[in-house]
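Undergrad: The residues making up each chain are set out below.
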Amino acid sequence: MNTLDHEAEPGTDTAAILRQAATWHADGRRVALATVLGTWGSAPRRPGSHMAICDTGDFAGSVSGGCVEGAVIEASRGVLEEGEARELEFGVSDDDAWAVGLACGGTVRIRLEPLS
Amino acid sequence: MQRALLDELTAALEAGRPVVWASRPSTGEEAVLRPLDLREGEVESTRGPDAWPLDEARRALLEDRSFAVEGPAGEVFLRAYNPPVRVVVVGAVHAAQPLVRMVRTIGYRPVVVDPRTAFATAERFPATRVVTSWPAEALEMLVPDHRTAVVTLTHDPKLDDPALMAALATPAFYVGALGSSRTHRRRVERLGNEGLSQEALARIHAPVGLDIGARTPEEIAVAILAQIVERLRRSSS
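Sequence lines, in order, name chains W and E. The numbers in our numbering rise by one with no breaks, and the one at position 29 of the first sequence is 1130. The numbers in our numbering rise by one with no breaks, and the one at position 107 of the second sequence is 298.
Just so you know, the hints here were simulated from the structure itself, not pulled from any lab data. On a predicted model such as this, the values are computed, not experimentally measured, just so you know. Careful: at least some of the hints might be erroneous.
Among the chain W residues that face chain E by a calculated CB cut under 10 angstroms, a handful are [to be verified]:
| id | residue |
| --- | --- |
| 1 | R1120 |
| 2 | A1123 |
| 3 | S1143 |
| 4 | P1145 |
| 5 | S1150 |
| 6 | A1186 |
| 7 | T1208 |
| 8 | R1212 |
Take a look, some chain W residues computed to stay more than 10 angstroms from chain E by CB distance [claimed, not checked]:
| id | residue |
| --- | --- |
| 9 | W1141 |
| 10 | G1149 |
| 11 | G1167 |
Note that CB positions come from ideal geometry on N, CA and C, so glycine has one too.
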């Protein structure tokens, strides 16, 4: 079998996000991982989408089309302080969602947990 | 998530192995499941005494979806991690170059197969896995699975026919062959004489790609890739 293997890192987005989380953690940073558990109606990211958030405020990946990431990063501070996972829900019908503006008209349920 | 579990997930992704992260949001319990590694009816729990929903985890991988299921011990979220879709391009021809680039752009993984080493060079296909074996041998090594597409582009029956025969013997979700309707009729006749069933031959997408009037190699690549995405996403969910 002849193979010329000049392949670059195969990684998908997901692999890159998880690797970034591991790298931050290995550097001694505190890291939270957000995961989309479910979506209803029109939502831009599929269930399973990840966002990793470092305690410096840096993040990788996304859990929406950009509309709730700010709120998730904000919530990650509390999660990292307390070391406890929590669930977040954003949708057009609740006040929070108006505040952060889920323009797509869907609802998204997100689990936010510390990497321990 | 535990760091050790994260490392297990990333190692599996880098090795191209399908795995599922199972977690119970209510308790924080979690496990890495490998349901496709299990034989029919075999049940294994990789961590903890509680049984995880392995059949559902298997479905998550096969459908490439993540979802929550209700079980006797409460809700379980199943996050499916599949390795990238592979697109095996048989024929290191000109049209293969934009196709390989676009395959990579959408996060899939291209593999080029061509025994003609004048075509199959690292210069023509930078940062790409290039297999310079005959197609049948190459496909035997690459083992196309339900997340693999095979496209033949050589126009040469000596290369395309054995590649198609090998591809149709696998669960590849997409098999396509470049060439006109007339070329394809003759191809179907040849492959039928080789003993392939009408059912198997009906799996070949030919003329290859969605009918969008593509003319240039780049446009043809768009048409092929769009058809691959359609087969992947429309047939499984």
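Undergrad: Compare the structure with each hint and give your call.
TA: Status of each hint after checking the structure:
Interface hint at W:R1120: satisfied, since its Cβ lies 6 angstroms from the closest Cβ of chain E, which is below the 10 angstroms cut-off. At a threshold of 10 angstroms, the smallest CB-CB gap from W:A1123 to chain E is about 6 angstroms, leaving the interface hint in force. Checking W:S1143 against chain E by beta carbon gives a least distance of about 17 angstroms; that is not within 10 angstroms, so the hint is violated. Taken as an interface hint, W:P1145 does not check out: its beta carbon lies about 15 angstroms from the nearest beta carbon of chain E, beyond 10 angstroms.
Nearest Cβ of chain E to the Cβ of W:S1150: about 8 angstroms, under the 10 angstroms cut. The hint holds. Because the smallest distance between the Cβ of W:A1186 and any Cβ of chain E comes to about 6 angstroms, under 10 angstroms, the interface hint for this residue holds. This hint is violated: W:T1208 has a C-beta 14 angstroms from the nearest C-beta of chain E, more than the 10 angstroms allowed. With 10 angstroms as the threshold, the beta carbon of W:R1212 comes within range of chain E, its nearest partner Cβ sitting at about 6 angstroms, so the hint holds.
Residue-level check passed: W:W1141 sits 13 angstroms from the nearest beta carbon of chain E, beyond 10 angstroms. Not every C-beta of chain E lies more than 10 angstroms from that of W:G1149, the closest at about 3 angstroms, which undercuts listing it as non-interface. With a cut of 10 angstroms on Cβ distances, W:G1167 stays outside the contact zone with chain E, its closest approach being about 19 angstroms.
This entry does not satisfy hints 3, 4, 7 and 10, going by the numbered hints stated previously.
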